[in-house]
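Kindly produce the complete structure, drawing on both the sequences and the hints.
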Amino acid sequence: MTASDGTRRKPRQLTELGDVHDFLDKVRLRPGMWLPGSSLQHLDSMLVGYRVALAVHGTAEDFDFWNPGCQGPFAEWLWKRLGRHSSLGWAAEIEREAEASNTPAVELFFSLLDEYRAERSQPVGSQLMLDVLVPGDA
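The opening residue of the sequence shown carries number 53 in my numbering; numbering runs sequentially from there.
The set of hints was computed from the structure by calculation and includes no laboratory data.
Hints should not be assumed to be uniformly reliable.
Derived lysine to aspartate or glutamate pairs resembling EDC-like cross-links, with alpha carbons at most 20 Å apart [what the hints assert, rightly or not]:
hint, residue 1, residue 2
1, K132, E68
2, K132, E167
3, K132, D166
4, K132, E147
5, K132, E113
6, K132, E145
Remember, it's a predicted structure, so these values are computed and weren't measured experimentally.
Okay, structure coming up:
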């Protein structure tokens, strides 16, 4: 992915990442490497694994994508955004929305994630900023 000034961003090492949002920004740079078949179900599974690792290692980190007993703040935000609730989870529902709108699922996920972060005033990773405005945001 290139920055708005035309320079190509260099991927960072995993040891340089500070939180799950930094990890997701790494996935955004090379989704084909991280997500077989561009499947958000694979991303969801990775994020559940990330959350489990936080618990196993006793690491305190705000985590938006899954917590034991609930789908997490991102899913709750998404249900309000879509005007419906789903027990299938955020990945399945975003894939459905993407198919209905003929939009790549990974692209739609990151667009929604950017919207979620903006509403929550969360930084877009510690290094990666938006390169392209989402239609309707201008």
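We went through each hint and held it up to the structure:
1. K132 x E68: The given pair, whose Cα atoms are some 34 Å apart, is violated under the 20 Å limit.
2. K132 x E167: Roughly 13 Å between the alpha carbons, so the hint for K132 and E167 holds.
3. K132 x D166: holds, 16 Å
4. K132 x E147: holds, 17 Å
5. K132 x E113: Given that 20 Å is the threshold and the Cα spacing comes to 24 Å, the pair is violated.
6. K132 x E145: Distance ~13 Å between K132 and E145 Cα, so the pair holds.
In terms of the numbered hints stated before, the structure departs from hints 1, 5, listed from lowest to highest.
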